[in-house]
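Numbering-wise (my numbering), the sequence shown opens with residue 1 and increments by one.
By construction, these hints were calculated from the structure, which means they are not laboratory data. Certain hints may be false.
Pairs of lysine-lysine, PhoX-like flavour, derived with a Cα cap of 20 Å [said to hold, decoys possible]:
id, residue 1, residue 2
1, 572, 47
2, 847, 727
3, 742, 572
4, 447, 482
5, 507, 115
6, 482, 413
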Amino acid sequence: MKTKFTLLFVLLNLFYFQLQAQDQLISGTVTSEPDGVTLPGVNVLVKGTSKGTITDFDGNYSISANENDTLIFSFLGFETIEESVGARNNINILMAESASSLGEVVLVGYGSTRKQDVTGSITRINAEELIKQPALTPTQSLQGKAAGVQIISSGAPGSSPVVRIRGTGTVQAGRDPIYVVDGIITDRIDNISSEDITTIDILKDASSLAIYGTRGANGVIIVTTKAGKIGKMQVDVSSYYGVKDVLSKVDMANSSSFVNFSNLAFGFQRFDQEQQYDTDWFEEITRMGTVTNHNVSISGGTEKMTSYFSANYFEEEGVLIGNDYRRLNLRSKASYNLTSKLKFDHNISLSLNRSVPKPFSAFTTAYKQSPIVPVRYIGGSFDGRFGVPFDNSGGRFNNVGNAVADLELNDEKKKNLILQGNVSATYDFTDYLTGTARFGIESGYGKSYVFTPNLEQFLAADPTREVSDFDSPNRNTLRVRKDDFYHWVFDAFLTFDKTFVEKHGVKITLGTTAEEEQNDFLEGTRNNVPENSNLFSLNNGEQGTDIVSNALSDTRRLRSYFARLNYDFDNKYLLTATIRRDGSSVFANTDEKWGNFPSVGIGWLVSNEEFLSNSNFLNTLKLRASWGQLGNQNIPLNALTFNTDLGAVFGPDQVLVPGSTITAIIDENVGWEVTEEYDIGVEFAFLDNRLSGEFDYYDRLNKNAILPISLPDAFGASGLTLTHAGKIRNKGLEFALHWNDKINEDFNYHFSGNITTNDNQLEEITNPFAFEQQGGSIDNGQVTKLLREGQPLGSFFLLEVEGFDERGDFVYRDLNNDGEIDNDDRQFFGSIQPDIFYGISAGFDYKNWDFNIEGYGNAGSMVYNGKKAQRFGGENIEASAANNIFSFDNGTNMNPAPSNEVPLSSTYFLESGDFFRINNITFGYTLPDVFTGVKKIRVYALAQNPFIFKEFTGFTPELPGNGDPLGSSGIELNAYPSVKSYIVGVNLNF
1 MKTKFTLLFV LLNLFYFQLQ AQDQLISGTV TSEPDGVTLP GVNVLVKGTS
51 KGTITDFDGN YSISANENDT LIFSFLGFET IEESVGARNN INILMAESAS
101 SLGEVVLVGY GSTRKQDVTG SITRINAEEL IKQPALTPTQ SLQGKAAGVQ
151 IISSGAPGSS PVVRIRGTGT VQAGRDPIYV VDGIITDRID NISSEDITTI
201 DILKDASSLA IYGTRGANGV IIVTTKAGKI GKMQVDVSSY YGVKDVLSKV
251 DMANSSSFVN FSNLAFGFQR FDQEQQYDTD WFEEITRMGT VTNHNVSISG
301 GTEKMTSYFS ANYFEEEGVL IGNDYRRLNL RSKASYNLTS KLKFDHNISL
351 SLNRSVPKPF SAFTTAYKQS PIVPVRYIGG SFDGRFGVPF DNSGGRFNNV
401 GNAVADLELN DEKKKNLILQ GNVSATYDFT DYLTGTARFG IESGYGKSYV
451 FTPNLEQFLA ADPTREVSDF DSPNRNTLRV RKDDFYHWVF DAFLTFDKTF
501 VEKHGVKITL GTTAEEEQND FLEGTRNNVP ENSNLFSLNN GEQGTDIVSN
551 ALSDTRRLRS YFARLNYDFD NKYLLTATIR RDGSSVFANT DEKWGNFPSV
601 GIGWLVSNEE FLSNSNFLNT LKLRASWGQL GNQNIPLNAL TFNTDLGAVF
651 GPDQVLVPGS TITAIIDENV GWEVTEEYDI GVEFAFLDNR LSGEFDYYDR
701 LNKNAILPIS LPDAFGASGL TLTHAGKIRN KGLEFALHWN DKINEDFNYH
751 FSGNITTNDN QLEEITNPFA FEQQGGSIDN GQVTKLLREG QPLGSFFLLE
801 VEGFDERGDF VYRDLNNDGE IDNDDRQFFG SIQPDIFYGI SAGFDYKNWD
851 FNIEGYGNAG SMVYNGKKAQ RFGGENIEAS AANNIFSFDN GTNMNPAPSN
901 EVPLSSTYFL ESGDFFRINN ITFGYTLPDV FTGVKKIRVY ALAQNPFIFK
951 EFTGFTPELP GNGDPLGSSG IELNAYPSVK SYIVGVNLNF
């Protein structure tokens, strides 16, 4: 027996070494044609496997392969090269530049493929494009760079932009895309610095998104972070510093103009012409902001192991006084080739941020408060006290607060810790069959406090008050909130990739995934804590005053199975078919828990046909079409609501008997919102690939949008019920064009642009109990928006101002001619949805100099000047209105007569949201080999958002609000202005 085991052991080892002997170490250098410059970061892949590497800083690579293998070399901007290994150990590659991206390898969800084999709509943005526009989050740097992707940014420190891919397709459900970072699904990437990113792939159509099923309804953004490279250790350092200011200010009336206007509005001489104060409230609450960013990365590796580590520190002082944000990111990533077949990867990131929020309502308060009100009184009995709007007689003439007091007495701090990590293993069973398993987890912890100095606020509201007048026992209140969440995801899939008879390429992906996420928060308050921020703890408050004011715990689970087939015949005819089956814990009805989401795409590489093989003009032409269905499970929790305040008195003793009832009915049949999309596209390259581009037409329909309905009284419920009640369509065109050329060896230049048209519409109401939702409140009893069949989401529903009467009052159009002005006279006047949005870019490189300019704009949207419309009486007005007071003889006057009436929501306050903004202008110089050990130094100056061309008279037409089309989106009220920045920076490579 022992002899048999020994023989078996020897045979197994011989078999093992025989297999190992088939592999050989291939090395070489990749350079560019014709200048011979080495190319770092070139992807080197063994065809038909997931085995690959990247060239180091000097263009060198090494990889294990056998003599029957083929190596694929791909790099952005260069032609992809396939090279058979044979008996060679050294393979040097010369890559030719190309404006065409069809040879590029892109990520498609649970795998990758050549761009030329893609039948869906995918846009890739590389790292060089991202870092041209420094920002807190990589998504903000995407603005204007991808057709079909609308980025609505805010100037507030620590804020993330609103991202919409091919329009807004839902009212009640989630509208944001998901992010896939190194294979792990997450809802955020504000914990990643742009310097850590290699590529971003944006999946836009149903064919490319269906592999993500319910997670892909709003688009998917795949982020690949930097990894270590084979070769000696490389250190990269980047740093920049900049100053910020408000991009566009609004001129307000000074004290003289305000007095003149307001005396006319009040109808008597309420204010003296000579005023002690002339306060510029906007200047009092703003400052010159700053931004600082430092990033260090260390990478390197061997054939067996590569690693990457980075540290990033970002700090921003906002233009609103006291509004600050700081963030520290640490990221570590390693890859191990344990054997020639088994690869193991892991990465972990930590992000710690601290912020000091301030109320954005201060901008509206500063806009509205009178200039005759001081920040603080100087001299007199009120010396040093906060100013309030008192007139000559000591009466209050408006209800606007003191913006500076609002900022100083607002004491709020937040801190968050986010941990992300994943591990993955890839095993090559054969040269055409690979298995991948990975597990990722994300966890976050947040804590915030809001300290409210009740006594100080009481005194600030009226300078005649004294401490003895404060009759509340609660001198202050502390509210503390703790949040935590976790999200884990497990994927396991097999990839079969083989070419049969040299012409039939087949790639099949089969897999399963499971997810779970939980969000919890607990909020509590206590009164009379010590007035020292170091002692801000509920434990230090007054006993017996504690309240648990709010709490929530929500757990969701998802289980999925997916399959995808990619087939190409002779590199000409393409087919992609995908199916995903998702099961969600969100839905109450067992029959609705599972959903199937299929897609199919076809493509034709016309340029590979024989009749075009000798074309000197056309380099690439691909036609493609796709269809697919996607799901959306991010719906509001359809929870029972109770009214417990229904007691009644019964019996001879008149005893109060408590009562309660359900106020809303749940529709247990609520399930996935299902989106169906058709896409037709063309990809092309001409003139030796100098001119390239893409064109897409898409038609996306949410077939069963969830809307609130109001049931008849016979159902016994007065509340609203959520159910499938409508259809929402987005359809449009996308066009992207790129030109790259060289004048000579020292000078090259480029132009690019993209434009998107989108038609958004609530196409149909399918439930007879659905009602027209109002929205867009401006907090003065007026609403501005209405949801109606046949109209875009976020449509403004207003009275039309036809002019002014002899007194200078608004004359509204009496739409139904009934002699009264009411809601029946309102009509639609555009929406927050742009008809067109676009981006442009141009630049050149001359020797060691580089220049780049980028711009972004949109057209066809409307915005509502909510801060201007929110009037109750006695507020300040814009200089243009104060200096152009209504006169019936002035035929060009566009302003009403001075008035203190609350204005109705009308077209007078509706303005064009069209704008074009220069996003950045960059000018840099690179110094090569300046010092021993320093490979390259680049210094640059950058102007970010330096200019904007707009019709809107407010601070900014970019108004993301809360992202809700029926909420504050598109309304300038308590909104942060756009900011411009001037930055200097340096990049060093060691």
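Outcome of the hint check:
1. This hinted pair checks out: residue 572 and residue 47 have alpha carbons roughly 19 Å apart, not beyond 20 Å.
2. For the given pair, residue 847 sits about 56 Å from residue 727 by alpha-carbon distance, which is inconsistent with the 20 Å threshold.
3. Distance restraint check for residue 742 and residue 572: the Cα-Cα separation of roughly 31 Å exceeds the 20 Å cut-off, and the hinted pair is therefore not satisfied.
4. Taking the CA atoms of residue 447 and residue 482, the gap is near 5 Å; set against the 20 Å cutoff, the hint holds.
5. In summary, the hint linking residue 507 to residue 115 is supported, as the alpha carbons are separated by about 14 Å, within the 20 Å threshold.
6. Straight-line distance between C-alpha atoms of residue 482 and residue 413 comes to about 12 Å, which keeps the hinted pair within the 20 Å bound.
Checked against the numbered hints given earlier, the structure breaks hints 2 and 3 and satisfies all the rest.
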